[in-house]
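Enquirer: Here the protein sequences come in this chain order: G and B. Here the first sequence stands for residues 7 to 256, where the numbers follow the working numbering. Here the second sequence stands for residues 359 to 479, where the numbers follow the working numbering.
Keep in mind the hints are simulated off the structure, nothing from the lab. Any given hint could turn out to be false.
As the list claims (entries may be wrong) - Taking lysine-lysine pairs in the BS3-like style, the calculated list, with each CA pair at most 27 Å apart, reads:
1. G/Lys85 with G/Lys125
2. B/Lys448 with B/Lys366
3. B/Lys448 with B/Lys371
4. G/Lys80 with G/Lys54
5. G/Lys64 with B/Lys423
6. G/Lys64 with G/Lys54
7. G/Lys80 with G/Lys64
8. G/Lys80 with G/Lys125
9. B/Lys423 with B/Lys448
10. B/Lys423 with G/Lys125
11. G/Lys85 with G/Lys64
12. B/Lys423 with G/Lys85
13. B/Lys423 with G/Lys80
14. G/Lys80 with B/Lys448
15. B/Lys384 with B/Lys423
Claimed, not checked - Examples of chain B residues toward chain G, derived with CB under 10 Å:
16. Leu381
17. Asp410
18. Ala412
19. Val415
20. Leu422
This one's a predicted model, so the numbers in the text were calculated from it and none came from an experiment. Beta carbons: idealized from backbone N, C-alpha and C, even for Gly.
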Amino acid sequence: MSTNSENRSKVVIVSGGSRGLGQALVTGCLERGYTVATFSRSESPFVKTLTQQDPEHKRFLWESVDATDPAALKTFVNKVASTYGRVDALVNNAGVGIDGILPTMRASQIEQGIDLNLKASIYLIQACSKQMLQHASGSIINISSVNAIRGHSGVAVYSATKAALDGLTRSLARELGPKHIRVNSVAPGYFESEMVADLTPEAKQRIIRRTPLGRLGTAEDMANVVLFLLSPQASFITGQTIVVDGGITC
Amino acid sequence: MLNEVPSKQEILKLIVEHIRQILEEKAAHDGKLGDIGEENRLGAELGLSSLDLAQLVATLEMRLKADPFQELVPITSVRTVSDLVGAYEKFFSGDTSDGGQADALLESKRRAEARRNNSRS
Ligand SMILES: NC(=O)c1ccc[n+]([C@@H]2O[C@H](COP(=O)([O-])OP(=O)(O)OC[C@H]3O[C@@H](n4cnc5c(N)ncnc54)[C@H](OP(=O)(O)O)[C@@H]3O)[C@@H](O)[C@H]2O)c1
Chain G
7 MSTNSENRSK
17 VVIVSGGSRG
27 LGQALVTGCL
37 ERGYTVATFS
47 RSESPFVKTL
57 TQQDPEHKRF
67 LWESVDATDP
77 AALKTFVNKV
87 ASTYGRVDAL
97 VNNAGVGIDG
107 ILPTMRASQI
117 EQGIDLNLKA
127 SIYLIQACSK
137 QMLQHASGSI
147 INISSVNAIR
157 GHSGVAVYSA
167 TKAALDGLTR
177 SLARELGPKH
187 IRVNSVAPGY
197 FESEMVADLT
207 PEAKQRIIRR
217 TPLGRLGTAE
227 DMANVVLFLL
237 SPQASFITGQ
247 TIVVDGGITC
Chain B
359 MLNEVPSKQE
369 ILKLIVEHIR
379 QILEEKAAHD
389 GKLGDIGEEN
399 RLGAELGLSS
409 LDLAQLVATL
419 EMRLKADPFQ
429 ELVPITSVRT
439 VSDLVGAYEK
449 FFSGDTSDGG
459 QADALLESKR
469 RAEARRNNSR
479 S
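Isolated chain G (complex conformation) (with noise of 0.2 Å):
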């Protein structure tokens, strides 16, 4: 793959870097070299601490994007493309928690829920994969959740989006495998960020019970698994689902 022997750095969307996961993958990205662009609707400190140390947008560049807007994805992505030449990498991180039981969840955030977390990234693929047709070369991560994997009470659309950007993962790997792109998710179980902020400390506990390696999750242990399929040592990872979950669903 022509990417990984050249000496530039790697340009990679972040969907969602403002906070939690997101902001974990902008920082390693960064310190591993890559250029980086994200959206989220807001901008936190996070982003305008790093906009202020990069002003010219050399290696760093975040914009206002809702992702449930398919056009605004689109530009954002023609945005980045144009800026930095081209488009190596997308991680597919926003996301949203579908709480409550489906007989009495009301429409509008089944709706909203279903568009941030499968279809913003069914759009975003699209753009960024015909980036990486023109190269015939490139990387895509979604990240999933445990929630595809095993049933939970109460999750169960927010389940439905994560398997569905599982087997999205499978089948474009197949799509788009034969022009060196790869295609993979991870899945993460628990960890500390503001989707999970209002789990109780008992259901936190009960958790750290269940999880073989004895702690809840922190977004680095996620990230860390994407910086690497990411990396060129993953050259031949893609269709794979990846759990990070300190063994809870073994």
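Fit chain B with the ligand to the given chain G structure using the hints.
Expert: Using the frame of chain G, we list chain B with the ligand on its own:
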């Protein structure tokens, strides 16, 4: 990138150039590639897969700043080099009169015919 509305000849030249490049990358042909003409069928004769065609369209979108396949012309109606050139000509002519419906209709007729032929054999 071309600045003005490209002529048919410019579109054809660009398409042929990129088809050649994609086929060379694939190393699908031993030795030298023959001439590529307007009448050539993309799949059956030139050996382009649907993914190769997607690669071609992605590259042309970048070069021509045009994607006739989002709305105007169904990609499945493109069989020959000439069909492809025609799609871009249509895009640049601003002819959106039928929103690609005539092509879609033609395509659905072709599919129906293929199904009939298959069921006969
Ligand atoms: N935390 C966990 O335990 C856990 C477990 C398994 C899987 N995951 C998955 O890991 C990924 C990251 O989760 P996290 O916990 O880091 O989430 P988080 O802390 O809530 O961060 C979500 C990020 O996505 C952005 N975002 C949300 N809605 C958006 C929208 N409509 N348009 C654009 N950006 C949007 C947020 O910024 P704005 O709000 O400003 O838009 C933020 O940058 C998600 O896909 C999640 O499903 C998390």
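Enquirer: Each of the hints needs a verdict: does it hold here or not?
Expert: So, going through the hints one by one against the coordinates:
1. For a cut-off of 27 Å, the pair hint linking G/Lys85 to G/Lys125 stands: about 20 Å separates their Cα positions.
2. Note on B/Lys448 and B/Lys366: the hinted pairing holds, with a Cα-Cα distance of about 10 Å set against a maximum of 27 Å.
3. Note on B/Lys448 and B/Lys371: the hinted pairing holds, with a Cα-Cα distance of about 17 Å set against a maximum of 27 Å.
4. With a C-alpha separation of about 23 Å, the suggested pair G/Lys80 and G/Lys54 falls inside the 27 Å cut-off, and the hint holds.
5. Straight-line distance between C-alpha atoms of G/Lys64 and B/Lys423 comes to about 25 Å, which keeps the hinted pair within the 27 Å bound.
6. Between the alpha carbons of G/Lys64 and G/Lys54 the distance comes to roughly 15 Å, so the proposed pair stays at or under 27 Å and holds.
7. This hinted pair checks out: G/Lys80 and G/Lys64 have alpha carbons roughly 21 Å apart, not beyond 27 Å.
8. Distance restraint check for G/Lys80 and G/Lys125: the Cα-Cα separation of roughly 13 Å lies within the 27 Å cut-off, and the hinted pair is therefore satisfied.
9. In summary, the hint linking B/Lys423 to B/Lys448 is supported, as the alpha carbons are separated by about 14 Å, within the 27 Å threshold.
10. A C-alpha spacing of about 25 Å is found between B/Lys423 and G/Lys125, which places the hinted pair at or below 27 Å, so the restraint holds.
11. Taking the CA atoms of G/Lys85 and G/Lys64, the gap is near 14 Å; set against the 27 Å cutoff, the hint holds.
12. Restraint check for B/Lys423 and G/Lys85: the C-alpha separation of about 13 Å stays at or below 27 Å, so the hint holds.
13. Of the supplied pair hints, the one linking B/Lys423 and G/Lys80 holds, its CA atoms being roughly 14 Å apart against a limit of 27 Å.
14. Between the alpha carbons of G/Lys80 and B/Lys448 the distance comes to roughly 23 Å, so the proposed pair stays at or under 27 Å and holds.
15. Restraint check: the Cα-Cα separation between B/Lys384 and B/Lys423 comes to about 25 Å, which is no more than 27 Å; the hinted pair holds.
16. Interface hint status for B/Leu381: violated, as the beta-carbon distance to the closest one in chain G is roughly 13 Å, over 10 Å.
17. Interface hint at B/Asp410: satisfied, since its Cβ lies 9 Å from the closest Cβ of chain G, which is below the 10 Å cut-off.
18. The beta carbon of B/Ala412 comes within 6 Å of a beta carbon in chain G, closer than 10 Å, and the hint placing it at the interface holds.
19. The beta carbon of B/Val415 comes within 8 Å of a beta carbon in chain G, closer than 10 Å, and the hint placing it at the interface holds.
20. Checking B/Leu422 against chain G by beta carbon gives a least distance of about 13 Å; that is not within 10 Å, so the hint is violated.
Checked against the numbered hints given earlier, this structure breaks hints 16 and 20; the rest are met.
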